[in-house]
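Trainee: Now for the letters of each chain:
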Amino acid sequence: MRWLLLVLALLPLATALLALVTSPKVIRAATAVSGAVCLGCALALVPSAAHGQPSVGFLRLDALSGVFLLSTAFLYAMVSAYTIGYLKDDQDDPGFPRYARRFYAGLNLFAWSMLCACMVDELALLWIAIEITTVVSALLVAIDATESAAEAAWKYVLLASVGLGIALLATIVMYYAGSTVLGSAYDLSVPQLVKAAPHMPHTPVRLAFVLAVVGFGTKVGLVPMHTWLPDAHSQAPTPISALLSGSLLAVSFYAVLRYFQVTRAVLGPDFPQDVLLAFGILSLLLSALYVLDQQDVKRLLAYSSVEHMGILATAVGFGTPIALAGALLHVLAHAAAKGNAFMGAGTLVHTYWTKEINGIRGAMDRLPVSGPAFLLAVFILSALPPFGIFRSEFQIVQGGIAGGRTAWAAMLVALVTLAFAGLALAATRMVVVPSAEPAPRSLGAAATPAREPSWWMVAPVLVGLAALLVLGIHPPADLTALLQRGAAELRGTVT
Amino acid sequence: MLTQPVPSSFAGTADALAVGVLLTEFAMLRTSLLRSQVRLYAAQSLLVSALAGVVAAGRDVPELYALAGLSLILKVWAVPAVVTRLLREADAEIAGSGALGVASEVLLSLGVAGLAFFAVDRLGINSRVLPTTALSLAVAVIGVAFVLMIVRSDVVSQAIGFFSLENGVSLASLVVASGMPLILEVAFLFDLLVAVVVFGVLMRVHHSRTSTLSTAALTRLRG
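So the sequences go chain by chain: A and B. Residues in the first sequence are numbered from -10 upward in steps of one, following our numbering. Residues in the second sequence are numbered from 1310 upward in steps of one, following our numbering.
Calculated from the structure, these hints are not laboratory results. Honestly, I wouldn't trust all of these hints.
Derived coverage of chain A by chain B (criterion: at least 3 residues anywhere in the stretch with Cβ under 8 Å from a Cβ of chain B; other residues may be distant) [what the hints assert, rightly or not]:
#1 127 to 135
#2 141 to 148
#3 157 to 165
#4 192 to 205
#5 219 to 232
Per the computed footprint, the stretches of chain B lying under chain A, defined by three or more beta-carbons under 8 Å from a beta-carbon of chain A, are [as the list claims (entries may be wrong)]:
#6 1467 to 1476
#7 1480 to 1486
#8 1520 to 1531
By construction, the Cβ of each residue, glycine as well, lies at the ideal position given by its N, Cα and C atoms.
Just need the whole structure built from these sequences, with the hints factored in.
Mentor: Printed below as a string of structure tokens:
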């Protein structure tokens, strides 16, 4: 199984390099194959990550990283299929081959950096991988070279880089804390740090954790460091928005969790949980309010991502096994649901040529599959039973109550409900409320026909819905074992 | 203070270099010519590289020589060269003035630097390699770099602010993590280089879209 780690670490990189030298048709197929193979590898690694720690060189997979790897690989596969349909209409443009080469090279490099971030066995390498995700994704945000995209990319690269500067300081301070036990030259691997935890000094670890939460939290989109997020997510091309929202935020949160793991082992659960709880509730509160007043469909979904990152931070703040397992399930379910919602929104924008919520009406008539699927994805994001997010949020609330944090759990439910109102209202208006213009079917042949722009843009959404249904109704046994072991790793009961 | 021994020439040199790093940060805040800002950044990077060389010699950490050399090439030569080229293309000279006047900016930065000193003092971090004062200075550099990025409203000043923040982090890493494996230090440096290239690309995109380096017009996306 160890060789699968190598495939995951090399294949997207090779595909990115291939993108620079071949024709768009070849690279389109190669990216789809690379996405599918990576998803296959991640799925095949689930049993071994759930019961052991496969490793090769500086790559190592435990249950915690396995969850994030799976969510990233899933979205990479879905997005690489979706992109085929997304770029289809631009093929006749004279500048298309150059654009496609840059787009596919960036997409594959972005996926590669995120997959590597999940697999590297060291806090310093993790920082490097996340820095690479920033520079690649900032270029992808700016790829359309419009004035708005340039603005969003600048804000993103500046804020994320500053955040990562702080995260680098966290890495260095954690290195110092470890060096008091492990000597001046050692590797910052998490198991080693956890083993040395009883003898590590408290103040530097506390400082490193707070710096990590603020630094990596900037990339997670935790309030108040979230300001780059709605801009970048709304201006990026849709496949990139889906990866940014569904995978990148989670991978950055994974970095926070690694610091959480070490800090919890050194200081006990109270301090790191309280810090995450505070950031989580603040993120939930602000994003729920922002969701209520959005005019742009992609900004709406971006704020929903801030909300879901808030849910994750709150869940880890609860700290009970069931809440932690719920948080990890939430990572998977959110990746699928947010990927679906962005891909659906992309299809709507592609059809209506506007991102304005008020400009999109009667999507059910014009997009007989994508319209209802988008609406369903938004409801799933708002915890519609029996899908995955309902199950994960149920577990998180249950874990909060079990851990004696009933008031916080109640607040979580209230804020999630508030965000639901905003999301559901906007999505229902777009999909169900008929357009002021006559329905296309009632017009003659000149009217816009009710049809999907491309089935490549529909199929990944359907796969995502199926995955969410499986996660909600009956997750496979190996996956449940993976989630439980991941939660145990976070609590320090498995090393 | 009388009870403490007189600092060794090593500690004195190291502290002087670290103070130099902070002073160049203040100088960046003061200057309004973009070209001078880039030169000051190069000077600051030179001081950090020199400090790495001093630690390598004084504490017998030979890997730091390699780090000092690389940092010299990348931060003293390559990064300023990239930014200077951009300035030549953009034909811009004056930094975008921010919400505060220079005097208020310096006063604010003094406050931030003072806060850094007191805060680090309370952490109880003791380095085996460098005096703890250098860590206080490093955190002060990071704080002032933040002020620089916040008060300036042009892409070059903001980028230089970020690069100098990274110099502050490098200084901190010399104090508390000088034993960090060389390969990681090198990876950090190359990562910075990649970041610089991306900053350069985005600065160029920004300039081509708005015909200015000012960030004052970046107000389309809000809410």
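Trainee: Confirm or reject each hint.
Mentor: Tested hints:
no.: 1; hint: 127 to 135; in the structure: holds (count 5)
no.: 2; hint: 141 to 148; in the structure: holds (count 6)
no.: 3; hint: 157 to 165; in the structure: holds (count 6)
no.: 4; hint: 192 to 205; in the structure: holds (count 3)
no.: 5; hint: 219 to 232; in the structure: holds (count 4)
no.: 6; hint: 1467 to 1476; in the structure: holds (count 5)
no.: 7; hint: 1480 to 1486; in the structure: holds (count 4)
no.: 8; hint: 1520 to 1531; in the structure: holds (count 4)
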